Amino acid sequence: MRYERPETIDQATSLLAGAKGKAFVLAGGTDLLVRMKGDDFEAGLVVDIKSISGMRDIAETDEGFVIGAGVPCAALNEHAALHAAWPGVVEAANLIGSTQIQGRCTVSGNLCNASPAADSVPAMVAAGAQAKVSGPKGTRMVPVVDIPLAPGKTSLEKGEMIEAIVLPKRPARAGDAYLRFIPRTEMDIAVVGVGVNLTLGSDGTVETAHVALGAVGPKVVVAEAAAKTLVGTKLEDTALATLAAACSAASSPIDDKRGTVAFRKDVAGVLARRAARIAYDRAGEK
Amino acid sequence: MASIAVSTTINGDEVDFICQPDESLLDVLRNRLGLMGAKEGCGTGDCGACSTMVDGRLVCSCLVLGAEVEGTKVETIEGMAEGGDLHPLQQKFIENAALQCGICTPGFLIAAKALLDQNPNPTETEIRFWLAGNLCRCTGYDKIVRAVQDAAAEMRGETA
Ligand SMILES: Cc1cc2nc3c(=O)[nH]c(=O)nc-3n(C[C@H](O)[C@H](O)[C@H](O)COP(=O)(O)OP(=O)(O)OC[C@H]3O[C@@H](n4cnc5c(N)ncnc54)[C@H](O)[C@@H]3O)c2cc1C
Ligand code: FES
Ligand code: FES
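From first to last, the protein sequence lines are chains X and C.
Yeah, the first sequence ends on 286 if you go by my numbering, and it's all consecutive.
Yeah, the second sequence ends on 160 if you go by my numbering, and it's all consecutive.
No lab work stands behind these hints, which were simulated from the structure alone.
None of the values given here were measured: they were computed from a predicted structure.
Accuracy of the hints is not assured; some may be wrong.
[What the hints assert, rightly or not] Covered stretches of chain X (in silico footprint by chain C; criterion: 3 or more residues with CB under 8 Å from a CB of chain C, positions within the stretch not fixed): (1) 33-44; (2) 97-105.
[As the list claims (entries may be wrong)] Subject to a maximum C-alpha distance of 27 Å in a straight line, what follows is the list of computed DSSO-like cross-link-like pairs (lysine-lysine): (3) X:Lys-228 / X:Lys-257; (4) X:Lys-50 / C:Lys-73; (5) C:Lys-73 / X:Lys-37; (6) X:Lys-286 / X:Lys-169.
Glycine residues also receive a C-beta, built at the ideal position from the N, C-alpha and C atoms.
The shape of chain C in the complex, shown without the other chains (with noise of 0.2 Å):
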């Protein structure tokens, strides 16, 4: 098979890269460019650890190909933190104890994100279909919905 030169921009920066034309992007991002914070729960677009932004677009970086991303915006969590400080979906996230494992963690607050930046105050249910395509097994489920009403409200100027 024929390598396939790919530029685009993660996280803001240039990056090209060279890939198969059957890689993934989760793929790419995780064994080629060292970017480790998305996870491969399934590779079947199930589980919602692989979830990267693509031009602005909640997607599941293990059904994109690395092809796909030429031109385009990725966003990974490893983008997520500015320096050293913690995004407050992050930091909720500690405070909350929403995660055990850690596994599907950056799924969710890539998804989080993805829903916060355009609904700033989602009801608990708006939240909770939103992140049906993220699977978490050990946490369970309330305590990562707490986390993002937390995040939200602060976001909002509602909590200190």
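So that you can see chain X by itself, here it is in the shape it has in the complex (with noise of 0.2 Å):
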């Protein structure tokens, strides 16, 4: 295995398009360095992009918030700006791992590792955020959903990498949220994840409505027809009755050592309930 640390974008895509054999993109390395670990692990090269410059910043810019790739998930809750008008996406990504993880670990890796139970990916796409994907033949913006396929599958293509996440610019009176049930208070995996991301009107009515759901599926689930039941609701009791019926009916989870299909499906709904509340109070404090 050969090790290259690039200083430019450029570098580092022709070295991952560059590769004999397997390439691996190196960021806070808390999901690779694990697979290295294991006897079946391959790799002709590791790209370890954290010497790139921009990489660990996060930037406002006119079109929001950029998270470079190389940027720790503690790095996010540090930075008030961001923390004030993404606090669901914020919340996700400190959700994952120990305070130890947390100083490597980030939302790309957490992405691209593509594991449906990923604890920032619904909060990232209930959030609309796009991906700033570059390779060989330039950059691309790459809605953040599409880039898991299955488990451990990405739509990369080889040779491109995710350079940052772009979190879009908040209009007033918008809130997200993301909550997940895990069987212990911290470190562990998601049994089931849900992310909320609302606007409201100026009476308090929902204009915009996005929910995704992580561990229900062999990667995120957009419930586009649960998020649409909210719009012109004021979250009263039927209208959170609704969504709960339509997120377990979006759902198709597996029966595992974690969680049944049924007890998945219905903590789908309840989560859901309750972030969409937390995401609407969130909403009505702006």
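Reconstruct the complex from the two isolated chains, following the hints.
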């Protein structure tokens, strides 16, 4: 295995494109290094992207918040403006692992690892986040939802990497939230995760709603029909009940030791209701 | 595999070492540099026994490549006491009997110091969440949490 630490995106993508055998981007390494220790792991090349300029920065631009692919999740919480604009995305990212893991793990890595239970992904999808993908053919913007394809598989082509995640600008009266269910209080893999993102009219009526579900399918699920049921409501009890039923219906989880199909579907509804309430209250405060 | 030459700073000293591309920082510290304080409990980021600071962030050194610390500042448990003077956390761990076998202790101390450096007056809940990535098989967490609280109070100048 070769280790490279390029200083520009072009160097990184040409290294990745030219690699013989398997090549991996190294961001925080909290998934990759665990895999590396496995007996069946093989790599010709590991490209550490953290020395590329801008990779460790969070920038507030006309597009919104641009989170470099080397930014550890702990830094999202330390960025006051980002935290104020997207508390749901930040709390989802901060649920990943322990303090030690937070010092290294990135949202881009969480996305590219393509685990169905990745915590930051439903929150980013609900937020309408885009991935800035760079490759030998240039740069393209890809909705975050289109990066993972199936467990461990992404839509990135050979030579491509995520340069940054872009969260859109926030209008007034907008709020988001992410909740997950785990059997412990810390350090566990989501049995179900739900991200909700709402914007409200001046009278408190929901104008736009986005809901995404984690760990209830082979990849993040966009619960579009469920989200639509919230539009025009003020999150009355009946609206929340409708949302919960629609989220349960949108879930197609597996049975495993962490939870049964019936349990996961039920929890998807419960968490959606609670996350919607939190997002709504946050939106009302702005 | 081609070896990599790395220059870094460890506990304030400039250090050069050579490592394999897939070698963890933990293995470099222990096997190449003789810094045996950080321990390997799991090797997969779950136990925190290998806790180390890299450029001011608390990390699991088992999940960092040695090659990655080029040009960084690394802090390990070996740098915690100043000469013969124990850090208040170390002193309070002893006084509170917050260790038995001691395998987890360097990790707890490094992690607790990182907490107190940014939050001198944490609540018990904050301490417990911050230390959730540090596992202890023998002592139980109450004594550890109490030792951190005592050290924090002393560092705030509240007790002699
Ligand atoms: C103890 C522990 C607890 C954990 N807890 C959680 C948890 O609660 N929730 C959760 O969701 N995850 C958890 N994880 C998994 C992991 O920490 C996260 O998925 C993390 O976000 C991965 O980010 P990273 O930067 O460390 O990725 P890396 O390990 O660096 O990379 C992960 C994968 O993505 C690829 N990759 C990374 N960055 C890019 C990029 N910019 N472009 C293209 N490909 C890229 C890598 O090649 C690799 O295949 C845990 C892991 C550990 C060890
Ligand atoms: S040895 Fe690194 S976390 Fe357990
Ligand atoms: S004292 Fe033995 S593991 Fe903590």
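To see whether the hints hold, each was checked on the structure:
1. Coverage of the stretch 33-44 of chain X by chain C holds in this model, with 4 residues showing a Cβ closer than 8 Å to a Cβ of that chain against a need of three.
2. Coverage of the stretch 97-105 of chain X by chain C holds in this model, with 7 residues showing a Cβ closer than 8 Å to a Cβ of that chain against a need of three.
3. Note on Lys-228 (chain X) and Lys-257 (chain X): the hinted pairing is violated, with a Cα-Cα distance of about 33 Å set against a maximum of 27 Å.
4. For the proposed pair Lys-50 (chain X) and Lys-73 (chain C), the alpha carbon gap of about 15 Å is at most 27 Å, so the pair holds.
5. Restraint check: the Cα-Cα separation between Lys-73 (chain C) and Lys-37 (chain X) comes to about 25 Å, which is no more than 27 Å; the hinted pair holds.
6. As the CA atoms of Lys-286 (chain X) and Lys-169 (chain X) are separated by approximately 14 Å, the hinted pair is consistent with the 27 Å bound.
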